[in-house]
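Note that the protein sequences, when read in sequence, are chains X and V.
Residue numbering for the first sequence follows the numbering used here, beginning at 20 and increasing consecutively.
Residue numbering for the second sequence follows the numbering used here, beginning at -8 and increasing consecutively.
Any given hint could turn out to be false.
Ranges between beta-carbon positions, derived for each pair [claimed, not checked]:
no., chain 1, residue 1, chain 2, residue 2, range
1, V, 107, X, 122, 23 to 33 Å
2, X, 183, V, 31, 27 to 37 Å
3, X, 188, V, 5, 34 to 44 Å
4, V, 68, X, 58, 22 to 32 Å
5, V, 122, X, 182, 24 to 34 Å
6, X, 84, V, 207, 55 to 65 Å
7, V, 27, X, 290, 21 to 31 Å
8, V, 27, X, 252, 26 to 36 Å
9, V, 120, X, 188, 23 to 33 Å
10, V, 12, X, 122, 46 to 56 Å
Honestly, the hints are just simulated from the structure, not real lab data.
Since this is a predicted model, take the numbers as computed values, not measurements.
Heads up, the beta-carbon is just placed ideally off N, CA and C, and yes, glycines get one too.
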Amino acid sequence: MSPTDAPVPPAGGDSSAPRDAGATDAAVLLSARGIRKSFGANEVLRGIDFSVRRGEVVTLIGPSGSGKTTVLRSLNGLETPDAGTLEFDGGPAIDFARPADKAARLAMRDRSAMVFQHHNLFPHMTVLENVVEGPIRVQRVPKAQALAEASALLERVGLAEKHDQYPHQLSGGQQQRVGIVRALALKPDLLLFDEPTSALDPELVGEVLHVIKELADEGWTMVVVTHELQFARQAADEVLFMDGGVVVERGAPKDIFTNPREERTRRFLDRILRPLD
Amino acid sequence: MNEGLQLFLESFWPIVWGGITGTIPLALASFAIGLVLALAVALMRLSKNRVVSGIARFYISVIRGTPLLVQLFVIFYGLPAVGLVIDPWPSAIIAFSLNVGGYAAEIIRAAILSVPKGQWEAAYTIGMSPSTTLRRVILPQAARVSVPPLSNTFISLVKDTSLASLILVTELFRVAQQIAAFSQEFMLLYLEAALIYWLFCLALSGGQMRLEKRLDRYVAH
């Protein structure tokens, strides 16, 4: 059997190249314009615009209820916005105000993969079965190849020994790492993380953030909803601060964290960084 | 040798044989068909289409709201009046399947709903179609939840098949009835039939426990 390389992001070429080289002028992978969404009378997104370049890490921060998770879920078809457009590089733009174009939406979904807050692993499948389910059942990757790639990925996140265990036999941090591997195995253009460490015991947060940071350094494109400001500071190329369904402020992490322009951003950061003041 | 004991021993095997050749195949066939029907009805019931879920509701309501014996008689004694003559065995299987379909549909529906929404979402994000999600992700987990109530349904069904004796199906109880009519030992033979039903059901409960254990392997304790 030939050794299999761990999947690398399809574009961007050499993933070992310094990511900063392409961070500013790399091709735009995803652009979202005017995304709006209401749940009943509650308008949770009031026109969100942003774009993600290939190889870039965008983090969404903000208080709970600010709409950041809804934005993330909209990118992957788990929520359908009421209005706005979404365009993946090379794909057709989807205009949510127009009647559903199912094929385009499914094509959009297949560009990204999601890591959930509560891992959502399939409890009746082993770790390995969880990881190869998408490649084998959906993408029709030959079984031997899918298994080899899954093994390589699991080894990379330090779970080589856990292949045949069931999710409930793992710690929370291990479960979440399997969740990440399950997403990676799909070889998506874009990785989406929905508060990947919020449900973890504090001592397990590090191991998961470490894996995400490594993926970022390798050049994966990702959008991360997180409360871990330290992570955002170290790993993000761009930080979007959301509140009340709008992007209040955006910029490089060093600007947002050290010198926020908006009062709302400043108050949010104060609450998180200095909760006792 | 006591005459009663002798009759008991002599009739034991014929009654058990009636169970093996009548009761069990009748119950198994009806349960298998009923489960397929129940799954279809459960999915219809979960459909967003009101007409589709309305049909399922109506079916469940009729099955649960009318006695099984009446359903059986309608099919076997009633349908010939409109020119549809069905033999005893098929009549029994149709009636019992329809009955299981109605009861098990609600069990399966509840079991499907008990699987967390995150499982649907995870399957969706890895690109699965709804039908693949149902087959690969939801039903295996729903199966675990529905084994105890479905086992109850099956055990009830095994006992309910005694009603088929009334439409001339030769099964456990009909054999006992025939021996009782011949020997006039009603108490003995009916108690013996009851004992044999009980033994059958004990065996089924054992099977249920083993099945639950097998399905438990991925569940945290």
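### Task
Please flag the earlier hints that this structure goes against, numbers listed from lowest up.
Hints 3, 4, 6, 7 and 8 not satisfied by this model.
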